[in-house]
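Undergrad: Residue numbers (this note's numbering): 90 to 292.
Simulated from the structure, these hints should not be mistaken for lab results. Only a predicted model underlies this, so the values are computations on that prediction, with no experimental measurement involved. Just so you know, not all the hints are guaranteed correct.
Stated by the list, open to error - Result set (SDA-like, lysine to any residue): computed pairs, CA atoms no more than 20 Å apart in a straight line: (1) 211 with 197; (2) 191 with 178; (3) 216 with 249; (4) 94 with 123; (5) 97 with 249; (6) 176 with 196; (7) 191 with 173; (8) 94 with 130; (9) 142 with 130; (10) 211 with 249.
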Amino acid sequence: MEKIKPGKYVEITYDLYQINPDGTEKLVHQVDPEDPEKFVFGVTRGMIEPLEKALDGMEPGATYDVTAKADEAFGPYDIEQIVTLEKDIFMVDGKFDAEMVKPGALVPMMTADGFRINGLVKEVTDKEVVMDFNHPLAGKDVRFKGEVKTVRDATPEELQPAHGCGCGCHDHGCGDEGCGCGDHDDCCGSYGHHCGDDACGCH
Numbered sequence: 090m091e092k093i094k095p096g097k098y099v100e101i102t103y104d105l106y107q108i109n110p111d112g113t114e115k116l117v118h119q120v121d122p123e124d125p126e127k128f129v130f131g132v133t134r135g136m137i138e139p140l141e142k143a144l145d146g147m148e149p150g151a152t153y154d155v156t157a158k159a160d161e162a163f164g165p166y167d168i169e170q171i172v173t174l175e176k177d178i179f180m181v182d183g184k185f186d187a188e189m190v191k192p193g194a195l196v197p198m199m200t201a202d203g204f205r206i207n208g209l210v211k212e213v214t215d216k217e218v219v220m221d222f223n224h225p226l227a228g229k230d231v232r233f234k235g236e237v238k239t240v241r242d243a244t245p246e247e248l249q250p251a252h253g254c255g256c257g258c259h260d261h262g263c264g265d266e267g268c269g270c271g272d273h274d275d276c277c278g279s280y281g282h283h284c285g286d287d288a289c290g291c292h
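I would like the entire structure built from these sequences, with the hints used as guidance.
TA: Here's what the structure looks like:
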């Protein structure tokens, strides 16, 4: 039976829990067998280190239960990722998109280097929009509880570093406030690529 090691294509399922300060846990995301998380071990960038270490050497059918501190998971909460953007950025056909860009909304954005991320709208003024680009789980300890579904040799195409993953990574934007990744082209965890200047635009 194949074991997880660098260069292997892997599919996993899991429940992701946020660990609260009082020790209680809140389920914030589930990856089901119908749509497992897919990545190439040792190649896919941004894997959460405690999860990666736990998976190393596992076979299909193996289960895991991994806790990661905030610094090892989705990073500390960074006040610098709260940024103020010109309202003009959010214009569509010359009009401000008030239906999408309102306090509490998650708005997809594009960084200057081409990464798609989601920002949480904190405030809208006459001329500016205040947004928070921290990952929804920034500053939170988390727990992954799941199972290895598939392990096989990766194809040449899959061995390219751009191969995406879901919430087990922390490179790109998250699908919603509960860390629900909409698909596996966007990784869950945006603190590596934030929209901190006017090079950012609506996507």
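Undergrad: None of the hints should be skipped; say for each whether it holds.
TA: Hint-by-hint comparison with the structure:
1. With a C-alpha separation of about 14 Å, the suggested pair residue 211 and residue 197 falls inside the 20 Å cut-off, and the hint holds.
2. With a CA separation close to 14 Å, the supplied pair residue 191 and residue 178 stays within the 20 Å bound.
3. A C-alpha spacing of about 42 Å is found between residue 216 and residue 249, which places the hinted pair above 20 Å, so the restraint is violated.
4. Note on residue 94 and residue 123: the hinted pairing is violated, with a Cα-Cα distance of about 24 Å set against a maximum of 20 Å.
5. Distance check on the hinted pair: residue 97 and residue 249 sit about 12 Å apart at the alpha-carbon level, within 20 Å; holds.
6. Straight-line distance between C-alpha atoms of residue 176 and residue 196 comes to about 13 Å, which keeps the hinted pair within the 20 Å bound.
7. Proposed proximity of residue 191 and residue 173 is supported: the alpha carbons are some 14 Å apart, at most 20 Å.
8. With a CA separation close to 6 Å, the supplied pair residue 94 and residue 130 stays within the 20 Å bound.
9. For a cut-off of 20 Å, the pair hint linking residue 142 to residue 130 stands: about 10 Å separates their Cα positions.
10. Distance restraint check for residue 211 and residue 249: the Cα-Cα separation of roughly 37 Å exceeds the 20 Å cut-off, and the hinted pair is therefore not satisfied.
Checked against the numbered hints above, the structure breaks hints 3, 4, 10 and satisfies the rest.
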